[in-house]
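> Residues per chain, in single letters:
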Amino acid sequence: MSESSFKPINMQGPVCPVPHHHTGTVVIGHGSGGAMTRDLICNVFQTYLGNAYLEQGNDAARIGLQSTSGELAVSTDSHVVFPIIYPGGDIGRLAVCGTVNDVAMLGAEPAFLTAGFILEEGLPMDTLIRVIESMAAACEEAGVQIVAGDTKVVEKGKADGIFINTAGFGLIPPGRHLGGQLAQPGDAVLISGTLGDHGIAVLQARGDLGFESNIQSDVAPLNKMITALLEAVPEVHVLRDPTRGGLATTLKEIACQSQVSIHLEEEAIPVKPDVQTACDMLGFDPLYLANEGKLIVILPEDKADKALEVLHKNPYGLLATCIGSVFDTNPEQVLLKTPYGTTRILDMLSGEILPRIC
Amino acid sequence: MTEQTPDFLSGYRNAKLVKTVLAEIRQTVTQPWTLMEICGGQTHAIMQYGLDQLLPEEIELVHGPGCPVCVTSLELIDQALMIARQPEVIFTSFGDMLRVPGSTEDLFSIRASGGQVRVVYSPMDAVKIAAQNPEKQIVFFAIGFETTAPANAMAVLQSEKMGLDNFSILPANVLVPPAMHAILASPSNRIQGFLAAGHVCAVMGYWEYPPIAEQYQTPMAVTGFEPLDLVEGILQTVKMLEEGRVAVENAYSRVVTYGGNKVAQAMLAKVFKPVDRNWRGISTIPLSGYGLQQAYQRFDATQRFDTSDIKTEESKVCIAGQVLRGIKKPSECPAFGTLCTPQTPLGAPMVSSEGACAAYYRYGRKST
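Line order of the protein sequences matches chains A and B. Here the first sequence stands for residues 1 to 358, where the numbers follow the numbering used here. Here the second sequence stands for residues 359 to 726, where the numbers follow the numbering used here.
Derived pair list, reagent style DSSO-like, types lysine-lysine, alpha-carbon separation capped at 30 angstroms:
1. A:K337 - B:K686
2. B:K494 - A:K158
3. B:K377 - A:K337
4. B:K519 - B:K628
5. B:K494 - A:K156
6. A:K337 - B:K687
From the derived model, a few chain B residues whose C-beta atoms are all more than 10 angstroms from chain A:
7. W391
8. T392
9. S461
Don't read these hints as lab results, they were simulated from the structure. For glycine and all other residues, C-beta sits at the position ideal for the given N, C-alpha and C.
Use the sequences and the hints to build the structure in full.
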């Protein structure tokens, strides 16, 4: 043995190696329920989403109700959109807005959300933080609080980055009755803006369409616009957001629920020129594409102008317009009148191959 | 995207212009005529805009066999399914093909049971996947008419250039002129005039058509896909019929030239050669498909995978064959809209958006 290769003997005995500190990515340990989960909750979730309810730190949140009159609206939705971040939004904003909007469609005032996260091992912490920040901003905008949450981590390949389930709760003020079964012959059908933006924005963000555009997702919380609308025009019969399946599928559902037919004027339906062009290239129909920040309003025809006036004052309703009417003939049908004077029947979405959009 | 695009579209969708041409058709027609639009894209547009409702009743439009998904033979689909089931394969396809029923299952069910089936928007995406996955065999289902054939040929040439030995195609391209021959030569033929498929002609030109028009005394107009293109093509064909004139006219001159795209044609001739092909619901039509030239045989997926053990079985109720030959309308099928819907298709024409049955179903021609 040569002099230079001699190493002094370690006289301290066996030493436990200090574990690596995992801060850059999500690892399995973050879902263990132990100290790493606690770190994640404190450093990420509490930092951005913290409020008095979350800080209770118990198994369930305890919420004092100021008003116990009226009814409770509850909704839940799981979000699996790919990619996680796309032009105009991300899975965090979507998870808040999707559930807030569902609750608001009953005329309820959404107040509380829960959020369950399924994270894939290896998810960059920066991505998670960006999504959580975005959720916080959407909650702030909608005026809701996340009062309970859960995090699980699954092995790489068992999920796709991040899945989020949210549930939402809101009180329906006494006397307010809205629902898909309440459309009446003689009602007008309004839409709050352009159709198909979200569907195309998400498709394009996947990068395999072979073209680029400036199309942005419309994902937005609509509850404040709805509150303003219902205060000014309490006569509204139906509110619905045309998400998956698009305008056509949603109206078909309403026509079936209410046993009416809905007649649309194709020329009146707002679609952005670049969305229409993308649809023409891909063989899609914008009436079947998903929206995440649009509102269908069905109400007595003589209230339509007043409703449009209110919607036009809201940033998410600037392009609101009347697109059709409700009739009692041919129940369950949605008929589209084309600019050529012809009519075609709109059915539910069937079999279009679209990526995960919400 | 350019600023002009929407104007271009609204121009060719302009209701006023369309109505002017329709009025001219009404003035021109004096007796019944039966026309066939070859291309499924045209069928779809006619149904989408409801143009069939606006034509004078003398004019009957019969929907042609021009939906590539619909005419792809059951044998080819079963071959695709067998290849896609192989564990070392990533099977790539246009989305439409995933729901087309084979004898026992479809590509979706292969994917659900663990097979790797991916939707691509272009065969070049499949080449990309091949370059990224050297340990896998990537197979592209090369369906379509002359319109998609150049991109399929390009994928073969590109993978040769990149030295990829893990890329192949399942050649399934079909050709329009032999199908026209088959339809016109049939004893049950009712077609008196053709709307030739505009985008096929964009690639191939229309130099192949005058001899066919002459042989069967059937006038044709090369026709596009927007409402104004379609009514213009119908007007030109009806004018020729009323005048007793047999010719091939070009109603889609903003896209199509007589000679077509010579570069694409040269590439097609280099990679492909015409072979006999079985059309689903019709029959085998001589020299009606593209197979690979000898020099490119190694890119033929059927050379790499043994697909000989296939037993095919068609649905007994489905009348797709008669629909594709223009003998029956989709709504005349006993299964239409009941047993057979886009969710539960019995035949391929109910699957693709270009399929006549799907177009009828989707645009509300449930009963006529």
